[in-house]
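Asks: The residues making up each chain are set out below.
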Amino acid sequence: MKGILKTRLIHWRKHWIPLLFWLLFPLIVAIGIKSVTDVIQDDTKVPVGITIEEETNAAMKLYQEIKETPFIRVFKLDEDKALYQLKKHELDSVFIIKEGYEEDIHDGERNQLITSYRSDLSFAYTPVKEMIISYIQQETGRSKAANVIQELTEHYHTNKQYSRAQIAEKSKEIQKDENLLQTSFSFSDSPVDTHKKPQLISIWGLWAVLSILSTLLLFDWVIKEKRTSVIKRFPFLRVSIKNYMLGNIFLYSCLLFIIDLLTLLVFNLMFDVSINVWALVSFRMLITIAAYLMANSFKQTFLFYTLSFAITLLIAIGSGAVLPAMGISEKWAWIENWNPIHPFLTGQITNPWLFIVILFLAITFVRKEKINA
Amino acid sequence: MLSIESLSKNYRKSNILRDISFTVNPGEIVGLTGENGAGKSTMLNILATLSRPSAGTITLHDLHYQRNTKNVRKQIGFVPQDIAIWEEFTVEENMIFFEKLSWKNKTNKQLRELCLDMKLEKWKEPVHTLSGGMKRKLNIAISLIHDPLLLLLDEPTVGIDLKSRKEIGDYLHKQARNNGKMILYTSHDMDEIISLCDRVFCIGKDPFYYKLLQDSGKNPILL
Chain A
5 MKGILKTRLI
15 HWRKHWIPLL
25 FWLLFPLIVA
35 IGIKSVTDVI
45 QDDTKVPVGI
55 TIEEETNAAM
65 KLYQEIKETP
75 FIRVFKLDED
85 KALYQLKKHE
95 LDSVFIIKEG
105 YEEDIHDGER
115 NQLITSYRSD
125 LSFAYTPVKE
135 MIISYIQQET
145 GRSKAANVIQ
155 ELTEHYHTNK
165 QYSRAQIAEK
175 SKEIQKDENL
185 LQTSFSFSDS
195 PVDTHKKPQL
205 ISIWGLWAVL
215 SILSTLLLFD
225 WVIKEKRTSV
235 IKRFPFLRVS
245 IKNYMLGNIF
255 LYSCLLFIID
265 LLTLLVFNLM
275 FDVSINVWAL
285 VSFRMLITIA
295 AYLMANSFKQ
305 TFLFYTLSFA
315 ITLLIAIGSG
325 AVLPAMGISE
335 KWAWIENWNP
345 IHPFLTGQIT
355 NPWLFIVILF
365 LAITFVRKEK
375 INA
Chain B
73 MLSIESLSKN
83 YRKSNILRDI
93 SFTVNPGEIV
103 GLTGENGAGK
113 STMLNILATL
123 SRPSAGTITL
133 HDLHYQRNTK
143 NVRKQIGFVP
153 QDIAIWEEFT
163 VEENMIFFEK
173 LSWKNKTNKQ
183 LRELCLDMKL
193 EKWKEPVHTL
203 SGGMKRKLNI
213 AISLIHDPLL
223 LLLDEPTVGI
233 DLKSRKEIGD
243 YLHKQARNNG
253 KMILYTSHDM
263 DEIISLCDRV
273 FCIGKDPFYY
283 KLLQDSGKNP
293 ILL
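Just so you know, the sequences run in chain order A and B. The opening residue of the first sequence carries number 5 in this note's numbering; numbering runs sequentially from there. The opening residue of the second sequence carries number 73 in this note's numbering; numbering runs sequentially from there.
I should point out that these hints are in silico values taken from the structure, not numbers from a laboratory. Computed from a predicted model, the values in this text were never measured in an experiment. No residue lacks a Cβ here, since even glycine has one placed at the ideal position from N, Cα and C. Don't take each hint at face value.
What the hints assert, rightly or not - Beta-carbon label-pair distances, calculated as ranges:
no. : chain 1 : residue 1 : chain 2 : residue 2 : range
1   : A       : 300       : B       : 201       : 23 to 33 angstroms
2   : B       : 203       : A       : 41        : 27 to 37 angstroms
3   : A       : 39        : B       : 233       : 51 to 61 angstroms
4   : B       : 97        : A       : 16        : 27 to 37 angstroms
5   : A       : 282       : B       : 191       : 56 to 66 angstroms
What the hints assert, rightly or not - Within a straight-line C-alpha distance of at most 20 angstroms, the following computed EDC-like cross-link-like pairs (lysine to aspartate or glutamate) qualify:
no. : chain 1 : residue 1 : chain 2 : residue 2
6   : A       : 71        : A       : 58
7   : A       : 303       : B       : 159
8   : A       : 236       : B       : 159
9   : A       : 18        : B       : 264
10  : B       : 246       : B       : 287
11  : A       : 228       : B       : 264
Unchecked claim - What the simulated footprint calls covered on chain B by chain A, stretch by stretch (three residues with Cβ under 8 angstroms from a Cβ of chain A suffice, anywhere in the stretch; the number is not a length):
no. : stretch
12  : 155–163
13  : 240–247
Modelling step: build the complete structure from the supplied sequences, incorporating the hints.
Replies: Written out as structure tokens, the structure is:
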């Protein structure tokens, strides 16, 4: 193995630029595409200006609530600047959280807490306004409930005293449990979590597709080396062609897996997403062996490259890994079940394709052994 | 000693080699010549264990070819007609590459000496920049890394200049005389065969090569 590693290092040193390019290709391109789509998604959000006249807990909570609303991009500005931008139609609408907001909420006062501005081109004003009103009603309602509970406690001289914070906390708990918007609805026994944020692009799905392409293209060495006259020397070497190929599959797998671990780390840091490491190992083994088997059956690199791109495209479309294709998978479930990426994306370690490629690899080498004997 | 007894090779009902017997002694250079398609390469492939004879036995010292194929291969240095080297590698990288996969470990110094013995001095040069003669020398040097007893060369000097041809010839001569290697050599070049080989075998029905060798004073053996 040491000998094979040294011979491979000579090859890698000679072709380090394309090697590095294809090794990092899935990671860099996946980050690039994800960043571009995130920017596009951000640009399509409605810009709304918020002015906070008092930096109290209640005011900041409301600001946070508005900020977390999907499809709204919030800009925290002072009143003059916000109104200037609204006039220039750079903002859709402006909401000013007035001085004394927290006190009014505690008192259960619902009127004139927020001042809002809109222009003749505002189209998100009404939904944002309704959302703020709903939030204020919820908060004032909670406050009123706390007031009533405290009054009743005093009136009936109960032993247990509840603070406003405790009452508010309990109220939030009840709200969370009973919230219809976060309840799981299901059709035909397949539950769908409605509180999950929809994602336009799955970063691991994108990476998996790009990884298939890069691994296939990296394995063109099999065709190139098989084509040379050097192959004629192997019967007279200590390392047989079978062991040389197996050793190199192993070395490529290790090298690619190191890059996979780097990808795992980068994705975790950048997008806060993770994946089962064993599913990653299984997926890496699958695509490395499959790439070898495919390259081994070709004599022309051009045909191999063409088929590699075609296969990648087919998997990308069929898997819904890049763009959600729930319609396809609902109609033809077998497409999803037979897609090599699917077990990886769902964190499964056992991938039926892995067993198939291992079987084919074994058959290939047993056959080669018989021919050489 | 390489011993071939009653060797035959049939391919699709045609008899390519029929009842051939000869021996090659240590320190001896044997030439193999004949017209195209006469069976020179088939013979060389059989002696290199790459093809099996239809009949007959071959032994290398005490090793029976069919029973000890792996051990026989350890003792063979095969120089294919095509230049079987990595074109993008340097001479040094080519030598190291094959040494790492070879039966014998050699130091870089030993590998370099092997090349220098063949007058292959461009150690750090990429192979694709070398002349045809230099590439042919490297092709032979790689086959000698594991110190084989038997060296089989399939037209090793085809398409190269006279100087390189002479240098290769001198080197092979030294290997046979000083190191006791058995060398079996195929070529169409009569001058080369006459000057280099101790004995010459003619394969095929065409008497052209046989007569040519007889006229030159060499005593060819018709197989």
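Asks: Tell me the numbers of any earlier hints that the structure contravenes, in ascending order.
Replies: Violated: hints 2, 4, 9, 10, 11 and 13.
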